[in-house]
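What follows is the residue order along each chain.
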Amino acid sequence: MSTESNEPREPREPDTTPADGAAAPETDAPEPGTTGSPAASTAPTASTAGDPPATGAERTDSPLTKARMSKGDKIDRLAQLTARRETSSGDSLWVAAFRRLRSSKMAIIGAVIIGVFVVLAIIGPWIAPYSPTAQSWRGEVFSNRGIFVGPRAENWLGLDNLGRDELSRLLVGARQTLLVGIVATLIGFVVGALIGGVSGAALALGGRVGQRIDAVVMRFIDMMLALPSLLLAVSIAAVMGQSLTTVMIAVGVVQIPIFARLLRGSMLAQANADYVLAARSLGVKRRRIVLAHVLPNSLGPVIVQTTLVLATAIIEAAALSFLGLGNLDAAQPEWGVMLAQSQRFFDQAPMLAVYPALGIIITALGFTLLGEAMREALDPKLRS
Amino acid sequence: MSLLELSDVKVHFPVRKGILFDRVVGHVQAVDGISLSVEAGQTYGLVGESGCGKTTLGRAILRLVDITDGEVVFDGTDLAQLPEEEMRRSRRRLQMVFQDPLGSLNPRQNIESILAEGMDAHGIGDTREERRERILKVLDRVGLPDHALGRYPHEFSGGQRQRIGIARALVLEPDVIICDEPVSALDVSIQAQVINLLEELQEQLGLTYVVIAHDLAVVRHISDVIGVMYLGSLVEEAPSDDLYASPRHPYTKALMSAVPVPDPEVEDTRERILLTGDLPSPSNPPAGCRFHTRCPWRQPTRCDTERPGLTDIGGGHKVACHFVNEIASGELAPTSALAPDMLGDSESPVDDPGGDSAGDSGEGEDAASGPASGAPGSGGKAAGTNA
Ligand SMILES: Nc1ncnc2c1ncn2[C@@H]1O[C@H](COP(=O)(O)OP(=O)(O)OP(=O)(O)O)[C@@H](O)[C@H]1O
Ligand code: SF4
Ligand SMILES: [Mg+2]
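Going down the list, the protein sequences come from chains A and B. Position one of the first sequence corresponds to residue 987 (the numbering used here), numbered consecutively onward. Position one of the second sequence corresponds to residue 707 (the numbering used here), numbered consecutively onward.
Bound-form chain A, shown alone (with noise of 0.2 Å):
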């Protein structure tokens, strides 16, 4: 594969019929990959081209790499085509994608799913009628012998295995897991933001030693991103000790290099953009233009990815709860720990594993909607 494949300019096509032309702003790059594509050269951005420290180290075609190439790829086209776009239209980019969001039904669905689980989440612990970690009912639970309490007029969810209110472990519960998914997604965004960006300004304003830095630190990340998610953060898990924390840096980490490719591959494009160009014609500096031209404009697809990463953490650190790597401190209701801790008594009392299973499901449903939305308003190409 071709190294400079990420150059807004090829070389020219010289069997490019005019209509290709007309035809190009529609069709946009098929695949930044592909070399020799006259729709590139026609995009907003295109004649912007032509800095010559874009163009090496580029695709890492390592055989490491290769099983995740599609995976890597996605993300770099994700980031080309929603930063391409944008520099186009400006800020009325922002207003048309927020327009189509706003008519989507997939982005109300899931706005109002995450609201509720933010509102829950807040106010959670006021609402629940009882204590999450009293154990009120005891003498009514006997696990051992199969005997449970299902819904009834004081305890509208029935009582877990140690007789607490099922509601209020729920309701409390909410809150730990959003916990979890955002201090998760957090560690992702900004160590990963913190390389994708080092690396994406190296490499687009570094010279030949960027080129090089960069080199290294994505083949650092290819290789992560290779890893099977759950292994790694499995891994990570083991090694640290099973608790809350582990949980979130698990999950977290696993996330680093989906958002370190993510914001390198949006950076590479706005760093071809002809404002950078113009910027670096009018002498500013290069920290300058990396902080107040690449990176702001850069932003979009990594917002993006940041929802449906929420969605995704969630999930992990309820499969790595379930695993037994989470907390276990009842003082502490998680829906992933409950969802684990429920299992043993599944053939009893299905119920008590149906309901946080299915509050993890609704809420990654929801952020995966509004996430999926917001990607295809910025988008819409990406819907196929």
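Please keep in mind that the hints were generated in silico from the structure rather than gathered at the bench. Take these hints with a grain of salt, some might be off.
In silico SDA-like pairs for lysine to any residue, Cα to Cα no more than 20 Å straight-line [said to hold, decoys possible]:
| id | chain 1 | residue 1 | chain 2 | residue 2 |
| --- | --- | --- | --- | --- |
| 1 | A | Lys1271 | B | Lys716 |
| 2 | A | Lys1271 | B | Lys723 |
| 3 | B | Lys716 | B | Thr833 |
| 4 | B | Lys716 | B | Arg769 |
| 5 | B | Lys723 | A | Arg1198 |
| 6 | B | Lys716 | A | Arg1194 |
| 7 | A | Lys1271 | B | Leu770 |
Examples of chain A residues toward chain B, derived with CB under 10 Å [unchecked claim]:
| id | residue |
| --- | --- |
| 8 | Arg1085 |
| 9 | Asp1260 |
| 10 | Tyr1261 |
| 11 | Arg1272 |
| 12 | Ala1278 |
| 13 | Pro1336 |
| 14 | Ala1339 |
Far from chain A by the CB rule (all over 12 Å, computed), these chain B residues [as the list claims (entries may be wrong)]:
| id | residue |
| --- | --- |
| 15 | Arg765 |
| 16 | Gly782 |
| 17 | Gln805 |
| 18 | Gly809 |
| 19 | Leu811 |
| 20 | Ala827 |
| 21 | Leu842 |
| 22 | Ile896 |
| 23 | Leu903 |
| 24 | Pro945 |
| 25 | Gly994 |
| 26 | Ser1035 |
For each residue, glycine too, the CB sits at the ideal point set by N, CA and C.
Keeping the supplied structure of chain A fixed, place chain B with the ligands upon it in accordance with the hints.
For chain B with the ligands alone, kept in the frame of chain A given last:
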């Protein structure tokens, strides 16, 4: 000594390939040995078809691309050798106006911030008020209202955006402005306004311009000297009037013949040359005269093996062709092998639908904006003359 002197400037972009390690497998010779000089207060026009390296040359002057070889001497210093930080500081005196007015403005910056950025970078103006005053003066010069300050680029029309781009360059009070196809993205009606503005500014401020265009009509009016580029090098350079009155290089002749003449009588009888074949790839340029693959006057062996240098044929008119005298005297006729057809009188070269086939799609759009901007010399049809 001229204000800006380029000698044997080369810009080669490495083409890399490789699975594990990047290997340089070749070079795109975008600019391959260009020497020219621009006098203070004058305008140097640079023309050539798409992909011949005009933009790259313009960027090389500001060192926005790495210069592979050669010297860019500006006011006595070789910019190619300057350390990074000094180069950055010298950019105050060398500014650029871009082809895509919208794309060259950060969508998230308002006009004041766009115009203040350069001053900021060069420490011009101590206070915000001082800067604003200067910005307002420049806005007035380029014909934009004061209330533009707080607006964003997408709120302006194409012509206004280009005025913003010009203002951004002007606010630094540069000596040289490189205009890379400053009007080719604009409507024909607005093109003239922007060109006139550039001319006015030159008169008022004594600016020196390098104006890049693929359209001869655009550079004709404002250029003192015009250089014609083909595949990374200059094939002809002459004072503007001289070049139009008597183009000498076969490529220039072909470019000229693509521009329609307003007088119908002349239009009907003038010589027309359309070029065969495609522009060769700059990563593998032809040996000998770069133009020999498409030249209707090509002569055996010498044209294929020996690269002609740019030589002065008198009066500052420079041509890079072995047979310039023989062609001028009519001693050599265009070879029929490359020019099989004679074009009919009624067929105008700019109406030729194949005229854009070698250009990229961006040029296709340009061609639609005006008859005079038809892709010069990129015709896919026959070459021939029509006496
Ligand atoms: N950064 C780059 N890396 C590799 N090749 C490049 C780069 N920038 C330009 N080129 C190649 O160099 C050649 C000259 O490009 P350039 O943009 O200078 O042409 P141009 O004369 O300005 O054309 P146009 O009229 O289309 O703007 C082209 O073949 C182009 O593909
Ligand atoms: S040197 Fe030969 S091929 Fe080149 S322009 Fe002159 S006649 Fe044509
Ligand atoms: Mg150009």
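Hint check, failures only = Structure breaks hints 1, 2, 3, 8, 13, 14, 15, 17, 18, 19 and 20.
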